[in-house]
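Engineer: So the chains spell out like this:
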Amino acid sequence: MIAAETGARDDLARDRRRLGRYSHIARGTVFRPRLRDSSSPDMSDLVIARDVPAAQRRSLLRDLREIAVDELWKYRELLYELTLRDVRIRYKQAVMGFAWAILMPALIVAAGTLVRFAMAYMSGGHVARDVIAGMAVKALPWAFFVGAIGFATSSLTGNLPLVSKIYFPREVLPLSATFAQSFDSTIGAITIGIALPLLGIHYGLAALWAPVLAILVFCVTAGAALFLGCANLFFRDVKYIVQVLLTFGIFFTPVFFEPRMFGPLGARLMMLNPLAPLLEGLRLSVVEGHNLLVPLVIVGNKGAVVAWSPWYLAYGATWAVLGLLVSVLVFHRTEGKFAEYV
Amino acid sequence: MSERNGGPRIAFEQVWKKFARGELHDSLRDLVPATVRRLAGRGPARDELSGEEFWAVRDVSFEVRPGEALGILGPNGAGKSTILKLLTRILVPTRGHCSITGRAGALIEVAAGFHPDLTGRENVFLQGAILGMKRREIRSRFDEIVAFAEIESFIDTPVKRYSNGMNARLGFAIAAYISPDVLVIDEVLSVGDLRFQEKAFDRIQEMCTSGIPVVLVSHQLERIASLCTHALLLERGRVAKRGTPTECIEAYLESARNSDPAAAHMSGLTFDALSLESSLPVRSGERAHFRLSGTVAAGDDAASRDFTLRVRALSTGRLIFSASARECGASLPEGGTFEVDVELQFNVAPGVYGLELAVWDAETRRDVVSGPGVTVRVEDGALTFSGTSHLLPRARVLPTAKAAGASR
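If you read the sequences in order, they're chains Y and Z.
Each residue of the first sequence is one higher than the one before, counting from 1 in my numbering.
Each residue of the second sequence is one higher than the one before, counting from 1001 in my numbering.
Hint data in this document are derived by calculation from the structure and do not stem from the laboratory.
If you're wondering where the values come from, they're calculated on a predicted model, not measured in any experiment.
A few of these clues could be false.
As the list claims (entries may be wrong) - Just a few of them, taken from the derived set where beta-carbon distance is under 8 Å, the chain Z residues facing chain Y:
id : residue
1  : K1085
2  : I1090
3  : L1091
4  : R1103
5  : A1106
6  : A1112
7  : G1113
8  : H1115
9  : D1117
10 : E1122
11 : K1134
12 : R1135
13 : V1368
14 : P1372
15 : V1374
16 : F1385
Said to hold, decoys possible - Taking lysine-lysine and the DSBU-like style, the derived pairs with C-alpha atoms no more than 35 Å apart in a straight line are:
id : chain 1 : residue 1 : chain 2 : residue 2
17 : Z       : K1160     : Y       : K337
18 : Y       : K337      : Y       : K74
19 : Z       : K1018     : Y       : K337
20 : Y       : K165      : Z       : K1018
21 : Z       : K1134     : Y       : K74
For glycine and all other residues, C-beta sits at the position ideal for the given N, C-alpha and C.
The shape of chain Y in the complex, shown without the other chains (with noise of 0.2 Å):
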């Protein structure tokens, strides 16, 4: 009889009017089983009226608390476990070891050298050491930010049983991602900041700089890792298009040259990138030590370029910033899908 009882009010028309009936949900009624009561068939008399919070309507502040309190701080074991989980594994039963961390900087700055050798020779100098020595500050972050990206792309999806099966936070899983790999950039931070004495550079106090663009270079990249992590996990292309965009970006990011090398126009161009003013920031603090709050205009034979202000700071920052939190708002908002999804 219960069968029947179903049977009959099951369809799905009649789904849609019921909803509209309960448009008023939010100050609905609790239903609540009746206890060793067999005399009650019907399920009518199971209802108990009670008040229920209207549900609170969604606002920046109110998701931001969410994240930063709720989900993060209260999960922030687990981010730490999950950094180590990463960091662990790329070291376990590794030939390089520690050597990995500095492998893809060291080679960026091998390709970076040729390709200044080459620009070189054809001009008739020769490569300076404050040059390579400049592509070395850069290599860094962007090895740091192709590596993250890279890792925090697949990182949902990678992990589809966690995913789809138990509940936490998933902001931790691209964050981790970032996070383990700001440990061997931590190492290649340290390796470089030995090495670049050698090439004879001096720690000026505009090298103070560096942590500063450090935290918004990280900024810059766990936006992003939110960002494509998320996307991936809608759309699995996005992995494929990440990977082009990785491969060639060396291209549109200065770290083989510096901006102004394109000219007046070319350098304002080239500093749009949002990691572009970060890294010759870098460059410029640590190596050429000059202080970021001033403006350089370099005057050559073909006019003079702004190769730095602090407007592009200013630019940077902003871009770190905002993005993140776009980014972090755009996931938390779609969290709730993940498991349907992936």
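Given the coordinates of chain Y, work out where chain Z should sit on it, guided by the hints.
Structural biologist: This is chain Z only, laid out in the frame that chain Y set:
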């Protein structure tokens, strides 16, 4: 949200969940046309069903308070797993509201977070963190977990070298040693070998009776019968019945039995009625009479002129007796109507039992006709025993050799 009455609880308030059949947009290529359609105002609204969508859960409400254990049962596709995923926040309801107050522990897919390259020890900490435990807590429970999983000597071996059983045992042990405020259990009760299963079941029982709210989803009706205080039967996403576990199991078996009317024409036999002749209740150890009537189509072969009698314990759904009418001594006429009197002696423990009739096809190993059923309540009677059935024991003391010698 904090509750006026305080304490941990699980609440499900008029929850609806919509799913889509078939492929979702999986690549950007598909998204673009869909987005354009939505922007053009032709997309479906959030609460409406579009062509390929269906409600997996419809208007389900329940509340579980401390000390209560709710069992959810129903056929495949009834929405049990969806409810579990909604409860554990993996899915978000389309409508309605579900909330768990307090830290939720879930015994679901217990080894999902393991990484094969990490050692057992590293995985315990990782999985523990995924389940929301603090490092300090895991450290304080670590020995218990390892001892429960019985893998002390392998704890520093990478998990990829574990056997399936070791993997599952370790996973279960971690999940079983978080101390949650509320507990959600999927069918994880079949982990490891028989001995470990018993141990796991004991542990689950311990957790269930510790006074926290529990939701258990299982096809093993016995588990629901023995662990739960109430139950909820789902059918196609709706609550079909709520009540005690026994009531719901009874309703579930009833609906499962009638669910296959397709092959009825394959047999010439139809049942008309089945009734209990004796007065209710039946006392344990007593005999009860049933009267059944039906029709046999003329000209059918002998094999089809037979049917099966089954008795189930409705608290667990377990089949406790099954025999054909011929085995019981009744051979049906070659055609026309028949009436049969069946006498059964209920040498069983007190409880609710169901007698069912069916025509069973040995070739396809399925019921071709599901006949009517009748419920029998068995109460305490002349027989005193514990267990499920009375085996008519007869015990006598044998004379010892010494006594024999003395008597001679």
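Engineer: Would the stated hint for A1106/Z survive a check requiring a Cβ distance to chain Y of less than 8 Å?
Structural biologist: Where the cut-off is 8 Å and the nearest Cβ of chain Y is about 7 Å from A1106/Z, the hint holds.
Engineer: Given the hinted pair K1160/Z and K337/Y, is their Cα-Cα distance within 35 Å?
Structural biologist: 31 Å, holds
Engineer: Given the hinted pair K1018/Z and K337/Y, is their alpha-carbon gap at most 35 Å?
Structural biologist: OK: K1018/Z and K337/Y at ~11 Å, within 35 Å.
Engineer: Under 8 Å, Cβ to Cβ, is where R1103/Z needs to be relative to chain Y, so tell me if that hint holds or is violated.
Structural biologist: 10 Å, violated
Engineer: Was the hint right that I1090/Z lines chain Y, CB cutoff 8 Å?
Structural biologist: With a minimum Cβ separation of about 5 Å from chain Y (threshold 8 Å), the hint on I1090/Z holds.
Engineer: P1372/Z was flagged as interface toward chain Y. Is the shortest Cβ-Cβ separation under 8 Å?
Structural biologist: 13 Å, violated
Engineer: Should the hint that V1374/Z touches chain Y count as held when the rule is a Cβ pair under 8 Å?
Structural biologist: 15 Å, violated
Engineer: Can we keep the H1115/Z interface hint, with Cβ of chain Y closer than 8 Å?
Structural biologist: Since chain Y brings a Cβ to about 6 Å from H1115/Z, closer than 8 Å, the hint holds.
Engineer: Once the shortest beta carbon distance from G1113/Z to chain Y is found, is it less than 8 Å?
Structural biologist: Since the shortest Cβ distance to chain Y is 5 Å, the answer is holds.
Engineer: Under 8 Å, Cβ to Cβ, is where F1385/Z needs to be relative to chain Y, so tell me if that hint holds or is violated.
Structural biologist: Since the shortest Cβ distance to chain Y is 26 Å, the answer is violated.
Engineer: With chain Y as the partner, please determine if D1117/Z meets the hint condition of a C-beta pair closer than 8 Å.
Structural biologist: 5 Å, holds
Engineer: Is the hint on V1368/Z kept, meaning its closest Cβ partner in chain Y is under 8 Å away?
Structural biologist: 20 Å, violated
When held up to the earlier numbered hints, the structure conflicts with 4, 13, 14, 15 and 16 and fits the remainder.
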